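A.B. asks: Here is what each chain is made of, one letter per residue.
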Amino acid sequence: MNFVMPDLYPASAEIFLLVMACVLLLVDLFAGKGRRWLVYLLAQLTLAGCFGITLSTLDGQAVTTFSNMFVDDLFADFLKLVLYPAVAVVLVYGRGYLAARNLDKGEFYLLVLFATLGMMVMISASHFLTIYLGLELLALSLYALVAIDRDSARATEAAMKYFVLGAMASGLLLYGISMVYGAVGSLEIAEVGQRIALGGGNRTVLVFGLVFVVAGLAFKLGVVPFHMWIPDVYHGAPTAVTLFIGSAPKLAAFAIAMRVLVTGLAELAEHWQVMLMILSALSIALGNLAAIAQTNLKRMLAYSAISHMGFMLLGLLAGIVGGDPRFALNAYTSAMFYAIAYVLMSLGAFGMILLLSRAGFEAENIEDFKGLNKRSPWFAAIMMILMFSMAGVPFFVGFFAKFLVLQAVVAAGHLWLAVFAVMFSLVGAFYYLRVVKVMYFEAPTDTAPIEAPRDMRFLLSANGIAVALLGLLPAGVLEYSMWASYAFLVGH
Amino acid sequence: MTGIPLLSLAIWLPIVGGLLVLATGPDRNAGLARPLALAVAVAGFLVTLPLYTGFDGRTSDMQFVELASWIPRFNIHYRLGVDGISVLFILLNSFITPLVVLAGWKVIEEKAAQYMAAFLIMSGLMNGIFSALDAMLFYVFFEASLIPMYLIIGVWGGPNRVYAAFKFFLYTLLGSLLMLIALIYLFFQSGGSFNLLDWHALPIPLEAQKLLFFAFLAAFAVKVPMWPVHTWLPDAHVEAPTGGSVVLAAIMLKLGAYGFLRFSLPIAPDASHELAWLMIALSLTAVVYIGFVALVQADMKKLIAYSSISHMGFVTLGFFIFNHLGMEGALVQMISHGFISGAMFLCVGVLYDRMHSRQIADYGGVVNTMPKFAALFMFFAMANAGLPATSGFVGEFMVILGAVKFNFWVGFAAATTLILGAAYTLWMYKRVVFGAVANHHVAELSDIDAREFAVLGLLALCVLGMGLYPLPFTEVMHASVDNLLKHVAVSKL
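Here the protein sequences come in this chain order: Z and S.
Per my numbering, residue 5 is the first one in the first sequence, and the count goes up by one each step.
Per my numbering, residue 1340 is the first one in the second sequence, and the count goes up by one each step.
These are computed hints drawn from the structure, not numbers from a lab.
Here the structure is a predicted model, which is why all the values come from computation and not from measurement.
Hints may contain errors.
[Unchecked claim] In the DSS-like style, the derived pairs of lysine-lysine whose C-alpha atoms are separated by at most 30 Å in a straight line are:
1. S:K1445 to Z:K374
2. Z:K378 to S:K1506
3. S:K1831 to Z:K378
4. S:K1825 to Z:K374
Using the sequences and the hints, build the whole thing.
C.D. replies: Next up, the structure:
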């Protein structure tokens, strides 16, 4: 027996979070009902601590540990540095909503932290098994989170649906991974990439495995035709949970898609590019068309999420042209920028629903935003910024995200794909405009004052302003995304 | 060249001012919002004056150039500058804004601050469109200007305002999204530049030029609007509040025409020549057919909207006959139409504010109760019909001369507008203003007050001045128009 202690330093943020999650569990046990703020505060401190650790261990080096199963590179660090604030924002936005429904139990914070840990593992995974571990940790936490309101039939149904479909998707992914393993004899992503590049593995088996891997990823991203769970889960889950599902996990899903497809299976790019092309075209079309028919804002945002993920995939598939990775940096930067911009907008949009909700009232229908301009011109303006940004109208960040993806697609030579995408974003503009219409052109039916905690109002305002400011000055985030993508490409 | 970034001021002063007006908050502070908005609008106009006085009309180079890096990765710059073609539109836009603020002074009682702010912000955005020399900057301003107009129509518009606002937004967005693809394509073709002046010099094969031309056509034809994509305009005009109609007709339509001059013609000159027949055909259809359509309208605003489409047909006709008279005539027509159509919509607004009807049939004998107004309205109606000594005549006459030079029958068809324009405008005028007092509502009308008189009088002076002495307008544009025509005459294949 010779046990070598792995280098724990690259995973220090994950370890810190795990320890803190256990502490939180104990604190929750003894804190009792009156001291829930303590649990909340502890969760926020944990995220802040993770942020500090990741920031202080930031260096350009890619370090692997746990027998090359875990990697800490700039790509991972950058995504994590976006992830922590996103989760922290979720906690701030969701707190009042949960408290009003007596759902702000310790379990919520605990599950959110575990899900965050899962996402961090996914982001840092350099091994197919690590990916699977992270994915399951995230997924299991989310299933429980969706069902956290035990008495709600709708939430239970959504959780059940999510669980069954999610388990199936995990199965698909695992099956695909086993195919890849069978073909090349390794599960380490970089190693798989190298072996395939050297001609190892039976192509037929590999492509067969690839199909299942892509299907599994597509489910996690929620793109057509693996999108069925999205509208129901978004709709059924308590809005604070929807806010969580609809934001940060997209970053993690983006990260594993990059790791698996670009690092591991780049040699099969011609195959997965066609698959992604079909997936994204279908998602953009169906997401935008189906969103028109929705009267429920959560469902509308769910379909909008489908189309946004389709758009992000467009950026991902444009990286390799005929085996030539010349446009890789440009394309992956665009996809990453898109993912970050989407998380920012999604947080704001669901945050607005939480803002208008109060005890016994869910402001989840588009109707509930009627005449918001009368009730609160400031938050109506914030929502308007978010909606126009999602529609891709300048000067908001959503426009630049779309622009970056479109230029990557055109650079890769898919001019007609770009035309197709913009035509459907025109369709998309319609339903975003409808929300603006309801807020500005109609008289309010609900005149209750908006009662939300001050910290949430402040953060939501900052969120909206960030969407506008990043639209005016996108160069900074763009540079960071480019560095991260560059580090990612150099690393393998 | 002074050190003051005049163009940036022209763009950002109204926008920041508009945000300040927004900050005055609810309607109980409207007493503060209105004067503040007027002050910002007037200041916005004053800062554009040095653009004219300091303009060097002898050169076609870009002037008052400002350059700063915006998104360095994609070589996108904050690049501003004006030439003889664009400078006048910035002045026109900044001139119209205070008038619009004044026109909405009393009528807009609800959300007055937001109303004024929307106009100020839009004014700044449109100055941005006219002065952007970077294609992305142009595009960003071009699309962003849809937002305030969407709100103006939707919030303060008529009964069918939601339909009109959506139609306006989606129609224009459709065109501009196709243009976005064209811009990205050109970015790669030019080796990574969004500089418009680089693109002007870029050789492009004919097939690609044609595709680009159609992509630009999609964006600009909707905006002009050209027949057959004009149908959003009557709806938007009818539903928009008076100020919205004025800005729409006076400035927004010009954006499309300006786009032809900045993008289509210089970037795809061969395709422009190749497809000139199509553009001429569409323009003449607009002039003649829409002229007839205007004749049968029962709604005053709709009538003026169709008359706008018809007049803008003149503008696009002038561009695509490729001679000096035609193009300068078209530019003069654009400025003059800005004054006249703005004034016509204001006149209808004056009546609407009192009667809350735009139907011609509800009026008759207005002259008996509103003599001052009738006189001014008469003047603008005559200008709209192209009466000599008004600015409406100058542009139309130049374009017709140019068209006759190009081809007699094209000129002949264009000249029918002189008859049609007179027919629909004067017939409407006669039915509304002359005759016996139609009903007791008309009998109770009060004549225009000092504020309305000032707004209309100022516009009347502009129309008259430009009609009698157009030289100050045309001498600015000579060099640039010359340069553009020379550029377009050279093949880029």
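A.B. asks: What's the verdict on K378 of chain Z and K1506 of chain S, does the C-alpha distance respect the 30 Å limit or exceed it?
C.D. replies: At roughly 24 Å apart (the allowed maximum being 30 Å), K1506 of chain S and K378 of chain Z satisfy the hint.
A.B. asks: Given the proposed pairing of K1445 of chain S with K374 of chain Z, does the C-alpha separation stay at or below 30 Å?
C.D. replies: Roughly 27 Å between the alpha carbons, so the hint for K1445 of chain S and K374 of chain Z holds.
A.B. asks: Is it true that the CA of K1831 of chain S sits at most 30 Å from the CA of K378 of chain Z?
C.D. replies: violated, 55 Å
A.B. asks: Starting from K1825 of chain S, check that the Cα of K374 of chain Z is at most 30 Å away, please.
C.D. replies: Violated - the C-alpha atoms of K374 of chain Z and K1825 of chain S are around 55 Å apart, more than 30 Å.
Comparing the model with each numbered hint stated earlier shows that hints 3 and 4 do not hold.
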